[in-house]
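Produce the complete structure using the sequences and hints provided.
The listed protein sequences correspond, in order, to chains S and G.
Per the numbering used here, residue 1 is the first one in the first sequence, and the count goes up by one each step.
Per the numbering used here, residue 1 is the first one in the second sequence, and the count goes up by one each step.
Hints are supplied without guarantee of correctness; some may be wrong.
List of simulated lysine-lysine pairs, DSS-like, C-alpha gap at most 25 Å [to be verified]:
| # | chain 1 | residue 1 | chain 2 | residue 2 |
| --- | --- | --- | --- | --- |
| 1 | S | 145 | S | 64 |
| 2 | S | 329 | S | 157 |
| 3 | S | 312 | G | 44 |
| 4 | S | 157 | S | 216 |
| 5 | S | 301 | G | 151 |
| 6 | S | 312 | S | 329 |
If you are wondering where the hints come from, they were derived from the structure by calculation, not from laboratory data.
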Amino acid sequence: MTTLTVHQLINGASQRDAITQNALLWQRWLRGSGHTSEIFALSIEADCEGQVRPWHSYRSQADKLLYHHSLGSPVVADLIENHANGLIPVYHNVTPPHWFAGFQPELAQRAADGIAQLEQLAQAVSVGFGDSAFNCADMERAGFKEAHVVPITFDEKRYANVTPIPPKINANGPVLLFTGRIAPHKCQADLVRLLYACRQIEPDTQLMLIGSEWAKAYADWIRYVAAELGVTDGLHMLGSVSLEEMVGAYRAADCYVSLSEHEGFGMPLIESMFFDLPVVAYRSTAVTDTLGGVGVTVGRKDFAGLAQLIIKLWQDGAWQQRVVAHQRKRLHDFLEPQVRQRFFEVLSMK
Amino acid sequence: MEKPEEQKSQLDIELNDEVYSAADLEASIGSDMPADQAEQINQKVNEIPRFVKDNNRPAIGSKAIAHHLKAARTALANVETQPNLAPSPATATPVLGNLWGRIRGQMHELVLFYVNRFGGTSGRVDGQLIEAIEELTALVEQQQAEIESLKAEREKGKG
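Shown next as structure tokens:
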């Protein structure tokens, strides 16, 4: 077997960051297969010191350099200028800037830069990886000749010895869950509208939202919508939670509902599959690819109709079982052996 | 009595199931709720605008500000200015308890005199500030509308 030098570059390294976790996992696979592999980053948080090296110390001419791209980065020009040989961009998606333009202009600019840089990268190299078919389609639109899907790996072991902490919610009706940072493109306010609609059928319906209040103005807006619709008592904004609390929430919920209008991958959909939680989702962006035909998806946000669908699913135990069984099968595609095999397949391609 | 018209679902469902088809579910959903109830629900939830409008501007504006101002006005109107003199074991003591109750009442009145005087001034200031914010909100809305119309005119001119 030919041993290679395959390094990775990420913008910011932090143990809490999904891209960092992904890079660390790939490094483990590469080293386990006898390849030389280091991770470099532009900024490194204390929890990654010793595992990740600063980009300015990069001197190597690696056989392959996997660059994890999302928001606009100052490193792209340097990569194109000096490291295009062997460079493989790994695209984790950029939320379109219009979702932030009116209230977070700086972030909107970084998003716009990220999209423009994807096109610049496509002019310099022809092959890239994306973590969903949706992301690969973006890459092809940007000009990449080949874009290969390498999904994010679902690490079952992470949940193995977790003692769940259940949420403090007493409900006799359905408990809905959505996980994701509080941001306009995730459309949590639409879930509050759905909560209102569900409560017209099942008055004790509850909605749990897990995720940091990343966009404070939008978090206030969600509370405002809840107050206007008179469903504040059914809305539980749990914020950023521990792993134990997150597992507790998945276990306590009856249905995972996503009305998000932009997902680059949608890890909580996979988590729901793992926790045998039936998924009802609005078909948008990478949601369709990640679900791969399982769960129940809708193409329109008719809140009254959606409420009836969810209540029907909640009442029909046999249907829930069938949904969960299909989801379990789909989960296998994201487990380590399958993704590892896929990773080495696409890495060995010319 | 006339049966209410059945609601036609607009969900565009997709699923992979051995028992239900998407068409079954659409039909079942359509028959589970009278059309007028579904329409009322959708009308109610859609009255509130989306946070990010189609023209890339956040919808959060006068409506959210109005919500905060409403809450501020409600809070201002409900400032407690009455003495809270719940009976205590001391006031239940024969003879002395009655005297203590009266002294206690006078002390509360004295404190409240100054608190109310301060609260009154503070409340008037808060009220004025709320008025000013409301005026500013109206002005911003008006200016925003003018900006939008000028933008539209400019676009038209370009075309």
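Here is how each hint holds up against the structure:
1. S/145 to S/64: holds, 18 Å
2. S/329 to S/157: holds, 18 Å
3. S/312 to G/44: holds, 22 Å
4. S/157 to S/216: This hinted pair is violated, its Cα atoms lying about 33 Å apart.
5. S/301 to G/151: Judged against 25 Å, a Cα distance of about 31 Å means the pair is violated.
6. S/312 to S/329: holds, 23 Å
Comparing the model with each earlier hint shows violations of hints 4 and 5; every other hint is respected.
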